[in-house]
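In the order they appear, the protein sequences are chains A and B. Taking my numbering as reference, the numbering of the first sequence is continuous, increasing by one, and the terminal residue is 246. Taking my numbering as reference, the numbering of the second sequence is continuous, increasing by one, and the terminal residue is 330.
Keep in mind the hints are simulated off the structure, nothing from the lab.
Distance condition first, Cα-Cα at most 30 Å in a straight line; then the derived BS3-like pairs of lysine-lysine: (1) B/Lys180 x A/Lys89; (2) B/Lys311 x A/Lys89; (3) A/Lys89 x B/Lys303; (4) A/Lys92 x B/Lys317; (5) A/Lys109 x A/Lys130; (6) A/Lys184 x A/Lys66; (7) A/Lys116 x A/Lys131; (8) A/Lys134 x B/Lys303; (9) A/Lys134 x B/Lys320; (10) A/Lys134 x B/Lys317; (11) B/Lys317 x A/Lys130; (12) A/Lys110 x B/Lys180; (13) A/Lys182 x A/Lys130; (14) B/Lys180 x A/Lys131; (15) A/Lys92 x B/Lys3; (16) B/Lys311 x A/Lys143; (17) A/Lys130 x B/Lys320; (18) A/Lys55 x A/Lys2; (19) B/Lys180 x A/Lys182; (20) A/Lys184 x A/Lys174; (21) A/Lys109 x B/Lys180; (22) A/Lys89 x A/Lys131; (23) A/Lys92 x A/Lys131; (24) A/Lys116 x A/Lys174; (25) A/Lys116 x B/Lys3; (26) B/Lys155 x B/Lys23.
Since the structure is predicted, the reported quantities are computational estimates derived from the model, not experimental observations.
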Amino acid sequence: MKPILNIDNITMKFGSLVANENVSFTIHDNEIVSLIGPNGAGKTTLFNCITGFYKPFSGKVTYMDKDITGWTSYDVCKLGITRTFQIVKTLKEMTVEENIMTGAFLHTKKRIESQKIAEEVMELTDLTRKKNIKGGSLTIVDKKRVEIARALATRPKILMLDECMAGLNQTEIKDVMNLCLKLKDSGLSLLIVEHIMEAIMPISDNIVVLNAGKKIAEGPPEEIVDNDEVIKAYLGDKYHAKSKKH
Amino acid sequence: MVKNIRSLIILIVAIAILPLIFKSDSFHNVLVLLLIFATLGEAWNIITGFAGQTSFGHAAFFGIGAYASSVLFYRFNISPWIGMFVGAIFAAGVAAIISYPCFRLKDSYFAIATLAVAEIIKQLFVSWDFVEGATGISLPIVDDSLWHMQFNSSKLPYLYLALGLFAIVIFICNFIENSKIGFYLKAIRESHEVAESIGINTTNYKTYAMVISAALSAFAGTLYAQYILYIDPFMLFTLDMSIKIVLLTVLGGIGNIYGPIIGAAILIPLSETTRIVLGGTGSGIDLMIFGVLVILVACFQPKGIIGLVQKIVNNIKKQKVGEGKVETNS
Ligand SMILES: Nc1ncnc2c1ncn2[C@@H]1O[C@H](COP(=O)(O)OP(=O)(O)OP(=O)(O)O)[C@@H](O)[C@H]1O
Ligand SMILES: [Mg+2]
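Chain A on its own, in the form it takes in the complex:
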């Protein structure tokens, strides 16, 4: 597998708060990488650093041998990396179809063509029936779908999803998991931030764990679930000690 996105020693500070500290990992072609960690670990901040919403304090982001550190978000997207937002940002006054078409216009000037791309994406994300509903009047679940669909319509090489399963029920989570696997099959790489372990573990090829800004573990899912550091980060020292006794 060929590496396509390389995160190299990224550090991001807000004043004296270090949100990311020397984080490094690599995403390969056709791979699902998950980024997990407790609240405030710095996952969204790292997303923002990769996609040009923040300029990292130090470190390097390389996409296929191209140094893209500090690039603007739209140039990063044009290159093939598209992200979604943890707090969904549906274009309220536009319909579902128009939301997705806006993404699809990245690779075409023609309305008809963007409509065609939008149709394919809506089919894939199960939104076809809702295409004429305004973004503002969707349920949260559908807003999350639109969020993914709009990003997909830009035809990315790497799709970055920030907690797109939070608040979904079991079947809906299953749908998103299947979608992720389908996208991987079609040749994409995914970087997923998620708290729901039952969803992450079965689909990830590699998991990166952040805690308080630092990477504390990395490896395939089966290794991560047994990792002491990770359990400690999630459950706290006390709990960890207790669970050891049993």
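Using the hints provided, position chain B with the ligands relative to the given structure of chain A.
Same frame as chain A, but now just chain B with the ligands:
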């Protein structure tokens, strides 16, 4: 989109027939002004309605258009038709110069900068002898001719020129709204971050919108100067003028291509009536009444009168669907 074009054609034909039915000069006068202001509203709608970047300075571009053609005709006897395009190019240039740096900054410096621009240009023109400074320019009267864009025996030619310009501008707006740039501008209006995340260079697109908007406003300026045949900096580059453009569009429906014509159809007759009744400039009574209307609209229906109409139509449709009389159109 096809449906849109059909309604636009109906609207324009309807306006074209009106002056043939109502033949009074004062009605024609109101209609000419109404169309010019509706055109300005359409132009303003591109940057503020579509792209969501509030401009309080569109009088500047209107004035540049008026001055460009007038100066060229007054000094060099060049046809206003050519002056019209020269004005549009100047206005576009000025728009690009002021807006590009503002748009690069994330905050709303743009609105503030537009407030200043008309004022700066006014001061510049007041002290500029080549354009006759504060005295203003009285255009030399010539025989009626299309080439010189002057018609002294009837208002009808002006009326149809104004309608022609309005038609062109409203079709341009309709085209923009339905093409890539329109989608991008609306995305920028709704969420800057989403726009950037899906590959939109927001600075560039906002600047395009501003440049188009300014050029179209300048066209209207030339027509206005030819109609009034007199211009000076104090009537053109005023905050009053800019605010009129803002208010009429907001009342009619911001971001909607029918908004400006509806707003102008209320504001301009109101202005003209108060001017005739109270004399002079109407002491601003028109803007006061209009301001109250805008406040009412803003409180009850932020999308303006057109939003209200849409709501009512939707309700009627829903009722009919409830009664099973109307098939869903898909
Ligand atoms: N723009 C900002 N300015 C200042 N501090 C910030 C900013 N963005 C994030 N932070 C801080 O950086 C730290 C990491 O936040 P971040 O949002 O990246 O966490 P996260 O891992 O995404 O958490 P969650 O799981 O809750 O989404 C937090 O302490 C947060 O308060
Ligand atoms: Mg987060």
